[in-house]
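Under our numbering, the first residue of the sequence shown carries the number 969, and numbering increases by one thereafter.
Careful: at least some of the hints might be erroneous.
In silico DSS-like cross-links for lysine-lysine, where the CA-CA straight-line distance does not exceed 25 Å [as the list claims (entries may be wrong)]:
id: 1; residue 1: K1155; residue 2: K1549
id: 2; residue 1: K1326; residue 2: K1506
id: 3; residue 1: K1626; residue 2: K1650
id: 4; residue 1: K1155; residue 2: K1650
id: 5; residue 1: K1661; residue 2: K1626
id: 6; residue 1: K1549; residue 2: K1290
Across the chosen pairs, the derived CB separations fall in these ranges [to be verified]:
id: 7; residue 1: L1589; residue 2: E1227; range: 21 to 31 Å
id: 8; residue 1: R1577; residue 2: Q1163; range: 34 to 44 Å
id: 9; residue 1: L1690; residue 2: I1399; range: 27 to 37 Å
id: 10; residue 1: P1383; residue 2: G1346; range: 53 to 63 Å
It should be emphasised that the hints constitute simulated quantities derived from the structure, not laboratory data. For clarity, every value in this text was computed on a predicted model and none was experimentally measured. In this text, a Cβ means the ideal position worked out from N, Cα and C, and glycines have one as well.
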Amino acid sequence: MESGLRVADFVVIGVYFALVIGIGVWASRRVKDQEDYFVAGRRFGKLVQVFTSFGAGTSVESPVGVATTTFTNGAAGIWSSLTYLFVTPIYWIIAPWMRRLRVLTMADYFEERYGSRAIAGLYSLVAATVLMTHLSVGFHAASKTVMALAPKSYQQLTPAEQREYAQAGELQELRERDYQTLSRSEKERMEQLLQANPRTFYSHISRDMLIWIVCLIVLIYGVSGGLAAAALTDTLQGMCIIVLTVMLFPFCWSAINAEYGGEGVMDALRTVHARLPESFFQILGAPSNVDFTWYYIAALSLLAVVNTPAQAHFLTTHASAKNEFVCRVGAMGAYIKRFCAVLWGFFALCALALYSDKINDPDLMWGYATSNLLQPVGFGLIGLMIACLMAALMSTADTLMISAAGLLTRNVYRPLVAGRGEKHYVLVGRIAGTLVVVTGAVVATRFDTILQMLKFMWEINVVIAATWWLGFVWRRANRAGAWSSMALAATFFFLLPLLLPMLAPSLRSAPYLLKTTAVRSVVQTYRAHAMDVEARQKEIGRWEALSEAEKSATPAPRPLAVGESFTRTVVLPAKSIFWTKGLDRSGRGTGMLSLELVALDRLGFDLSRNTYAMNETLRILLRTLLPFLILILVSSLTRPEGEARLDRFFVKMRTRVKENRAEDAREMELSYASPDRFSEAKLFPRSNWEFLKWTREDGIGFLAAVALLFAVLGFLQLLVSLGG
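Please model the entire structure based on the sequences and the hints provided.
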C-alpha cells in the first residue's frame, strides 16, 4: 500500500485498540467514587502493580531515546536511561509511605502535613503542567517514530516538500562550514533557515492525525475507567513493551549474517564487534562521554533520589496496591525497564553494524530499522511494532492523565466547589483528564521544542522535593520553612535565571559571564575495527582531494589495517560555565543563567579550572541540597506546627496498612486515640526525627533490590562483551 502498511498491519493495530477500549468500558462499571476512579479502590495485586509501575515509567521515548543515544555514542549512551538505576532500591523503602498516607493525591499529603491548602493547590497546578508536558513529549516521540515506518522517497515528495528538502540541504551545507568564514549574506541566510527549520524526512503518515487517534483512544478507555482501566491496560501494554524490546533481534542478526556472512547469533555478534569501533563497547570513559564521570553519575543519582518520589504520579502508581508488601513488590517493576533499557541499547549497537552509513538522523533509527527489517517479512509485524509503540505511550499517558485529573479535581476544584457528591467529583475528574490529554496533544502538534520544555519542567521538582522529604522525617518542618524553601529555590534557580537575561540582554555578552572551561585533549589507544578502517580511508580520500598547497600544510593520514593499534585524540571543546545552553556562534550566552555557579565563582572558586563534569556536578548538588538547608534553617527559627496535627500524621505513618478496609479503619482509630502508639519503632526516640527502625522485610528486600541493581550492570557488561 502507498502508506507503507499492509492489511495485516491494520488488522493487528485495530485488534489492539479494540482490546484496550474494551478493558476501559469494563473497568468503568466498577467506578463508584473518587477512590475507585483515582486509585482503583486500592485493590491491585502484585502482577498488576508490577506492570503499572513498569508502564507508568516507560513511554515511547524510552526505547527510542536509548536507541538514539547508543546509536550516536555507543554503549555509553545507555546511561541516558540508567541514570535512575541507583534510585530504584530506595523504592522498596519509600513506596509503602504512599500506601500509609491513605490519601488520593500527592497534594493531599501536603495539605494534611503542613495544614495549607495553598501549598497543595500550588503543587497541583505545577505538577499538572509537568504531567501535561510529559504527555506532549510522548505524543511527539511516538509520532516521529511511527512516521519513520512509512517514509516517502524523494520522487513521492510534493513540489513544496521538495523545495523544503532543498532548503534543508542548504542549511546542512552552511552548518558544516566555519561560521566565521561565512559572508554577511550567508550568515543572514543561515539565520533564516534556522528559523524555518526545514525537514529532511517525510512520511505517508500524518503526524497530527496519528497524535489525535492515540489521544482519542486514551480518552475512551482512561477517562471512562479511571486508574483501574489504566492499570489493567498497562498490564497488557507492559507485555507489548517487552515484545517490542525483543522482537527485532532475530531479524537484525539474520540481516547481519546475510550482509557480512555467518550463521547463528554468535556469528552476528562477532560481526558487530569486528565492524564497530572498540570505543563503542566502552560502558564508561568512551571518547564521546568523557565528561560522564563517576561523580557526575553520583550527583545525577542523588538528584533522582530526591526528585523522583515528589512527582505526582509516584503516589498514584503505588497507592493502588491492596497492601504494603504488594506495593513494594510493584515498585520493583521499575527494574523491568532497567533490563529493557540495556536491551534497547544493545539492539542499537547491532543495528549500527547495518545502518551506520544509512541514517543521518539518529532519532529515526528505531523506525528505519523496523521498516527495513520487518517490512519484507509481512504477517502484520509492522502493525505489531506500531501497536507496541502505542502501548509504550499509552501506558504512561493514562497514569499521568489520572494523576493530573486527581490533582485538579481534589486540590484545585473541590476547595472552590465543596460539598458535592462523589459522582459529581468523578465527573469533574473525567473532564479534567480530558482537558489534560487534549492540551498535551495540542502542544505536541503545535510545538517542536517540547523536550527542552520537559527538561526545564522536571527540574522544577527541586523546588518541592525538600518540603516533600522533610515532611515525612522531621516534625519541625513547618509552613514557614516550606514556603521559604520553595520561594527561594524557585526564585534563585528558575525565575531570576530566566528573567534577568530578558530584562538585561547585555548579560548574554558580558565578558565575565562568557567564561568557559579549558579545552582538553584525551588520547586513547584502540585496536582498529572495520568501521575504523573505513573512516580512515575516507580521511585519506579527503586529504587527496586537497590542493598541493593544502597537502603540504596538512599531514597525510596513515593507512590503517584491521587489528592494528592506533591512537584517537578527542578534543573536548571549551564549554560555557554559566549558560545552560552554552554560547552561540556569535559568542553570546544562550539558555538560562546558572546563578549558583556565578555565586560560587565569585566566592573565589575558579570554575574555569574545573572540567565541565565537575561544574555540572556542583550545580546539581547546590540545586539539590540548598532547599533542604533553607527549610531546616527557617523551620528551626520559627514556630512549629500544632502538635495535634503532627501527632495524627506521624502515628498514621507508623501504622501498617491492613488489607481489609474495616480492619484498617479500626487500627487507625486506635492510633489516633493513642498518638504514642508504635513510638518504639522510632530510630531516634524522644527527638523530632521520625526515621523508623528497619524491619526484617525492609532489610532483606533492600538487599535484594541492590542485588538486582548489580544484576542490571552485569547484564549490560555481558551483552556488550558477547562476540568480542
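Cross-check of the supplied hints:
For the hint pairing K1155 with K1549, the CA-to-CA distance comes to about 21 Å; that is within 25 Å, so the pair holds. Restraint check: the Cα-Cα separation between K1326 and K1506 comes to about 16 Å, which is no more than 25 Å; the hinted pair holds. At most 25 Å may separate the alpha-carbon atoms for a hinted pair to count; K1626 and K1650 meet this at roughly 20 Å. Restraint check for K1155 and K1650: the C-alpha separation of about 66 Å exceeds 25 Å, so the hint is violated.
Taken as a hint, the K1661 and K1626 pair is honoured in the structure, with Cα atoms around 20 Å apart against an allowance of 25 Å. Of the pairs offered as hints, the one joining K1549 and K1290 is violated, with about 46 Å between alpha carbons and a cut-off of 25 Å exceeded. A hinted range of 21 to 31 Å for the beta carbons of L1589 and E1227 is inconsistent with their spacing of about 48 Å. The beta-carbon spacing between R1577 and Q1163, approximately 38 Å, falls within the hinted interval of 34 to 44 Å.
At about 52 Å, the beta-carbon gap between L1690 and I1399 misses the expected band of 27 to 37 Å. For the pair P1383 and G1346, the supplied restraint of 53 to 63 Å holds, since their beta-carbon distance comes to about 57 Å.
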